[in-house]
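Enquirer: Sequence:
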Amino acid sequence: MTPGNILLTNTAQGVRVMLADLGVAKSLLDEYRDTMTAGTPAYMALEQANSTQLDQRSDIYSLACVTYALLTGRPPFPVKTLAELLGRNHAIGPAPIAAQLGAPELLDQVLASALSPDPNRRPQTAAQFAEVLDRLADALPGGESYRPLPLTSSATPTTLGSIPNAPPPRAP
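Just so you know, the sequence shown maps onto residues 1 to 172 in the working numbering.
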């Protein structure tokens, strides 16, 4: 999963979030298991780059990368190639961001855990990861005050990079 896989659209009920292209990488890996690694390196877990056993914790890693990118505008580890991903020092975790965002330190802790190169140190389910993110969102002001602008007839799903009718992000 990458930010480009997240589509947003305004509806009469509010903003609708959709995920796209989720089956493409899996079908490619199923067909070319021993000869291909599919994914975007900056959002890829180490075990995915190594073509080792993948499970839901690999997806949690990618989701944590997307979460970090949504909060900062950049991936936690800006690698461009598989060689860069495999060669980076995995003992160095993501740069802390909670203080810059005015968020509790728990944000840095949960992101460091979810972005661990060791799948056993990550949240073991997406529900666990989501529960902590929900608690963090509840502790921050502003989430309940977002209201999308009125729906226009030309509104269509779009990637996060260019959301029509959305207000500009607030500076941290």
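Simulated from the structure, these hints should not be mistaken for lab results.
Owing to the predicted nature of the structure, the values given are computational and were not obtained by experimental measurement.
A hint or two may mislead.
As the list claims (entries may be wrong) - Computed Cβ-Cβ distance ranges for the label pairs, DEER-style: (1) Gly-4 <-> Ala-137: 19 to 27 Å; (2) Val-17 <-> Leu-101: 36 to 44 Å; (3) Ala-126 <-> His-90: 21 to 29 Å; (4) Ala-99 <-> Arg-121: 21 to 29 Å; (5) Pro-117 <-> Ile-97: 13 to 21 Å; (6) Val-17 <-> Gln-56: 15 to 23 Å; (7) Asn-50 <-> Pro-141: 37 to 45 Å; (8) Leu-19 <-> Arg-74: 14 to 22 Å; (9) Ala-139 <-> Gly-73: 15 to 23 Å.
All residues carry an ideal CB built from backbone N, CA and C; glycine is no exception.
Enquirer: Next, verify each hint and record whether it holds.
Expert: Evaluation of the provided hints:
1. For Gly-4 and Ala-137, the Cβ-Cβ distance of about 23 Å falls inside the hinted range of 19 to 27 Å, so the restraint holds.
2. Our hint of 36 to 44 Å for Val-17 and Leu-101 is violated, since their Cβ atoms are close to 20 Å apart.
3. Ala-126 and His-90 have their C-beta atoms about 22 Å apart, which keeps the hinted 21 to 29 Å range intact.
4. Separated by about 23 Å at the C-beta atoms, Ala-99 and Arg-121 satisfy the suggested range of 21 to 29 Å.
5. Taking 13 to 21 Å as the suggested C-beta distance range, the pair Pro-117 and Ile-97 conforms, at roughly 19 Å.
6. For Val-17 paired with Gln-56, a C-beta distance near 20 Å keeps the hint of 15 to 23 Å intact.
7. The supplied range of 37 to 45 Å is met by Asn-50 and Pro-141, whose beta-carbon atoms lie about 41 Å from each other.
8. A C-beta distance of roughly 21 Å is found between Leu-19 and Arg-74, which places it inside the suggested range of 14 to 22 Å.
9. At roughly 22 Å, the beta carbons of Ala-139 and Gly-73 sit within the given window of 15 to 23 Å.
Figure legend: structure checked against the earlier numbered hints; the only hint not met is number 2.
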